[in-house]
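Q: Below, each chain spelled out in residue letters.
Protein chains: 2
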Amino acid sequence: MPVIDDVYPSRLEDRVQLLERVDPVVYRDAGIAGPLTADELSTYEEEGFLVKPSLFSQSEISELSEALAAWIRSGELEGLEEVITEPGQGAVRSIFRVHQLHPLYDRLARDVRLLGAATQVLGSDAYIHQSRVNLKPGFSGKEFYWHSDFETWHAEDGMPRMRALSVSLALPKKFPFNGPLMVIPGSHRTYVACVGVTPEDHYKQSLKRQEYGVPDQDTLRTLTERGGISAPTGEAGTAVFFDCNAMHGSNGNITPYPRNNVFFVFNSIENQLQEPFCGRAPRPEHIAARQRVEALRPLSR
Amino acid sequence: MPVIDDVYPSRLEDRVQLLERVDPVVYRDAGIAGPLTADELSTYEEEGFLVKPSLFSQSEISELSEALAAWIRSGELEGLEEVITEPGQGAVRSIFRVHQLHPLYDRLARDVRLLGAATQVLGSDAYIHQSRVNLKPGFSGKEFYWHSDFETWHAEDGMPRMRALSVSLALPKKFPFNGPLMVIPGSHRTYVACVGVTPEDHYKQSLKRQEYGVPDQDTLRTLTERGGISAPTGEAGTAVFFDCNAMHGSNGNITPYPRNNVFFVFNSIENQLQEPFCGRAPRPEHIAARQRVEALRPLSR
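Note that the protein sequences, when read in sequence, are chains C and L.
This note's numbering puts the first residue of the first sequence at 1, with every later residue one more than the last.
This note's numbering puts the first residue of the second sequence at 1, with every later residue one more than the last.
Bound conformation, chain C alone (with noise of 0.2 Å):
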């Protein structure tokens, strides 16, 4: 059932309702010392995102994009509820959990260019809410219509507020035109309440395809009125960290350049997940984590 004192209601109405966020975006007051700049914590405070080009050098890149080929290659995915396909394809589009599947990938959640960024901005310590790694192919690459995370995972994780922060890691180089993030800056400011009711197993399809829990026409061009659109390119290892509530989506690709990246999302200790808002059973642990929740563990350099 809903929650009667719920800040960030949504799904339950016929229309949409455009809320203020009641959460910081930096949580200063913890005083965490962290990699980021007290400039980079202002402009992700402002804008929702902070751009961090070439964080990862070309040689730890080659490393994770080859011990990825590697790993689908050697048919251990086949089978696994972490791995969503292509629709129509069967071509591997994400692999979920890739932190506790996969050493490199562990390694990498808690390198301090990430995890120190997160705590940094959670002003605590953190855990991985969700990690994936999406394979988004060249010539056929689909559309992932915009939405805020924090929507979801509110709604259908029970995620409480907004204390979680995203960072998404290009694999290879990001173009403007094979498909990058785009993020509408300043989004993260209002909560969009979505409408309608979310389906049973909602999350099977979601992963595919976005149907409910996004916005509508006239909000989005309302924020982007407000905001523009941001869509950052870069070399390889460029890391876009964005807030839990930013408004993103990413266009189709259909030039010959991949567009493969690592996400994973970094939640407040402090923050960990609830009943589902929505009233639905919670989704699968590899898609939100709520069994077991350990803070990372720096790893050492």
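Honestly, the hints are just simulated from the structure, not real lab data.
Computed from a prediction, not measured in an experiment: that's the story for all the values here.
Even for Gly, the Cβ is constructed at its ideal location relative to N, Cα and C.
Mixed in with the good hints there might be a few duds.
[To be verified] Here are some, though not all, of the chain L residues that point toward chain C, as calculated from beta-carbon distances under 10 Å:
no., residue
1, F139
2, F144
3, W146
4, N178
5, N251
Since chain C is already given, all that's left is putting chain L on it; use the hints.
A: What follows is chain L alone, placed relative to chain C:
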């Protein structure tokens, strides 16, 4: 039946063939003066396309856009064979033969900035082989896969040689992320003979969704390895001239920004259509002009 001495055979073999272009790109020998500088002609010759930022003023573009919107609202277009609708929706996607259906677009086609550039490049008088307005709406604009227009015009319309020039004029601003035209620089020098036999009445489907007459992925990789991809952006009124054989396409568009444009194909009066080289009946007049073809009269400014 296929013509024996066809220099640009296509859709005959069961594998793709890359043939070298045998025609000039710029027909300089005719010495026809025009608005393009020597440098611009060289760029066009080398790259296969030329961008002219803000070639038309904001007020000219507003006039064209408003006339178009009023025309669509008027209901006059309903049921016309010149009008193509979006698959599954019914919204107007393209209006063909605009230069003969609307006086403002007739004047536009004969404007020295367009027609003058065309006759200069083609080295002769020119006529409109095809004209259209494309309405690529925001939020759900579909991709248009890679293709050479000439391959289609040759096979399906009987255009004998590469002596035609297209221009795409942006009505609203072209961002990197609202599905702009993408061109593979240098691709105009290679003729990609495509696979498979053309089905009857192919044009009815191909205007909505490309399936035949498209190059394979290996060929596209080869062409992009040589030339990369260019996706020119610019203010409303920016024009992109491109060679009839330039490989081009566009991604879908989930942003709120539409990507409307006007598209004219100028063909040399010395390059008029013959019987289609694919052996099928000719496509209709509004797709490929072959009757009552007359050189366009320049508009006096």
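Q: Given L:N251 as an interface hint, is the shortest Cβ-Cβ distance to chain C below 10 Å?
A: L:N251 check passes; min Cβ-Cβ to chain C is 5 Å, inside 10 Å.
Q: A closest beta-carbon separation below 10 Å is what the hint needs, so does L:W146 meet it against chain C?
A: holds, 6 Å
Q: With chain C as the partner, please determine if L:F144 meets the hint condition of a C-beta pair closer than 10 Å.
A: With a minimum Cβ separation of about 8 Å from chain C (threshold 10 Å), the hint on L:F144 holds.
Q: Min Cβ distance, L:F139 to chain C: is it shorter than 10 Å?
A: Holds, because the Cβ-Cβ distance from L:F139 to chain C comes to roughly 6 Å (cut-off 10 Å).
Q: Would you check whether L:N178 satisfies its interface hint, that is, whether its CB is within less than 10 Å of any CB in chain C?
A: holds, 9 Å
In the structure shown, no violation is registered for any of the earlier numbered hints.
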